[in-house]
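Protein sequences appear in the order of chains A and B.
148 is the number that my numbering gives to position 148 of the first sequence; each next residue is one higher, with no gaps.
161 is the number that my numbering gives to position 161 of the second sequence; each next residue is one higher, with no gaps.
In case anyone wonders, no lab produced these hints; they're calculated from the structure.
Just so you know, these numbers come straight off a predicted model, no measurement behind them.
This list has only true hints and no planted wrong ones.
Here are some of the chain B residues that sit facing chain A, going by a computed Cβ distance under 7 Å:
| # | residue |
| --- | --- |
| 1 | V27 |
| 2 | F30 |
| 3 | Q66 |
| 4 | S239 |
| 5 | R254 |
Beta carbons: idealized from backbone N, C-alpha and C, even for Gly.
2 protein chains.
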Amino acid sequence: MIFSEPLETLWQRRFGQDPPAGIPEAVVPFLRHRSVRKFLPEPIDPAVHEALIAAATSASTSSNLQLYSVVSVQDPERRARIAELCANQEQVKSCAWFVAWFADHQRLRHAAALVGEECNGLDYTEFMLMATIDVALAAERMACAAEALGLGVCYIGALRNNPPGVAELLKAPAGAVGLFGMCLGWPDPSASPAIKPRMSLDSIWHQEAFPDEASIGDYDARMTEFYQEQGMSSSASWSQKSGRRVDEHHLSGREVLREWLDKNQMGTR
Amino acid sequence: MIFSEPLETLWQRRFGQDPPAGIPEAVVPFLRHRSVRKFLPEPIDPAVHEALIAAATSASTSSNLQLYSVVSVQDPERRARIAELCANQEQVKSCAWFVAWFADHQRLRHAAALVGEECNGLDYTEFMLMATIDVALAAERMACAAEALGLGVCYIGALRNNPPGVAELLKAPAGAVGLFGMCLGWPDPSASPAIKPRMSLDSIWHQEAFPDEASIGDYDARMTEFYQEQGMSSSASWSQKSGRRVDEHHLSGREVLREWLDKNQMGTR
Chain A
1 MIFSEPLETL WQRRFGQDPP AGIPEAVVPF LRHRSVRKFL PEPIDPAVHE
51 ALIAAATSAS TSSNLQLYSV VSVQDPERRA RIAELCANQE QVKSCAWFVA
101 WFADHQRLRH AAALVGEECN GLDYTEFMLM ATIDVALAAE RMACAAEALG
151 LGVCYIGALR NNPPGVAELL KAPAGAVGLF GMCLGWPDPS ASPAIKPRMS
201 LDSIWHQEAF PDEASIGDYD ARMTEFYQEQ GMSSSASWSQ KSGRRVDEHH
251 LSGREVLREW LDKNQMGTR
Chain B
1 MIFSEPLETL WQRRFGQDPP AGIPEAVVPF LRHRSVRKFL PEPIDPAVHE
51 ALIAAATSAS TSSNLQLYSV VSVQDPERRA RIAELCANQE QVKSCAWFVA
101 WFADHQRLRH AAALVGEECN GLDYTEFMLM ATIDVALAAE RMACAAEALG
151 LGVCYIGALR NNPPGVAELL KAPAGAVGLF GMCLGWPDPS ASPAIKPRMS
201 LDSIWHQEAF PDEASIGDYD ARMTEFYQEQ GMSSSASWSQ KSGRRVDEHH
251 LSGREVLREW LDKNQMGTR
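Assemble the whole structure, with the sequences as input and the hints as a guide.
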């Protein structure tokens, strides 16, 4: 286990303050998450692949519909091709195991058709949300289980940069849409990714109701300190960077998602 | 820890077969998830609330945007009201801690506006997907941490039954949409929720590419056995039930989600 910071260090790094009294030790491993992008060349045992998929499918799934699929990509050529589709991120190529997560309506459509059911509400937005939530619950249970084994994990949102390209490469049928990838592997101990600061709990967590006005508290100041520590030269604050991140000119291909979902009869009404 | 089945039992219950050799012990706790709906009256320590929110916010979040909020509802009257909005599910009233998870674009809009950024791409479908994924990653890390403490968890999709009602009750601003609730508490040992069978790994998990045809394998047969064990009288198979579940007449109010998201400028293009 290469990540083993004690609670005090973790809480300081995340929230810029000492932890409150009474935080149970069993929660501490779940605070240690960081995205790992440098991996050792060692493979992951195939039984561990099965264990992790089993953990994923043990997550809650709405009405037990299991509206998701996961595709592992290990063939070197296909891996290189999917890395290209994912903004050429190096860890997509170098990780020991790469999986692509799909919201998947088509397996249910297929199974239901065999027993004469039409699934004629599956194109409502409700079932796109449901599938998206179920995918992410499964993936994060896998991430937590992987981290409990000492593996590192990195989500790849860039899988959404080219939905038709991903569908073609992985032979996704209509009704199965790739939402994100995940890189897994044994962390390279010579790289040591930092714990990233998060907003204070009271920016995210509201008691009984939303406050009259949103607040990010001291987050810009803490993030500026973090950028400096990490040697990032930008003088922009988190608020500036993040505002620009959601500018209409930074969609990286993802502006086609609405159209792509419509084509897949997902979330059309 | 009231749930402690060994690996062999878990794998048999989930997949109807013996586990493969080499499943690591550290993954086993992640296989034990079931939805807990009967809780002891004991409260959860406030430090545990903080610990669980901290675990949630330690999850990956795309571009560190943190596009979510969580609202805890403990006031008895408000709890009763939110239970009504959630199809009167008993566990919403009786759980020790209830939290509602929101995709939240408005905190970023607010913070960015203060530094002169317009966020003018935030209404793309990409950022609705991103927020939905981030919410679910955070929630599931919380669920895993809660289960590591011996708590039980139940997701409440019915929070989507009445989006305007939820928004009004919890004072959600435009740009914050409730996606699901979560009940947490100490499991009542006199109730013993079963491990629910899931599709076989090879129905969900594809090597290199989707197969030519989807398959649920022996799942209908295993689920029919499960329904009988649980004393459920229905003669419909999982495929039949699930096909009907996504019929356009079973939206339970959720047919307004497209319109509600549009109103919140989420996923409109």
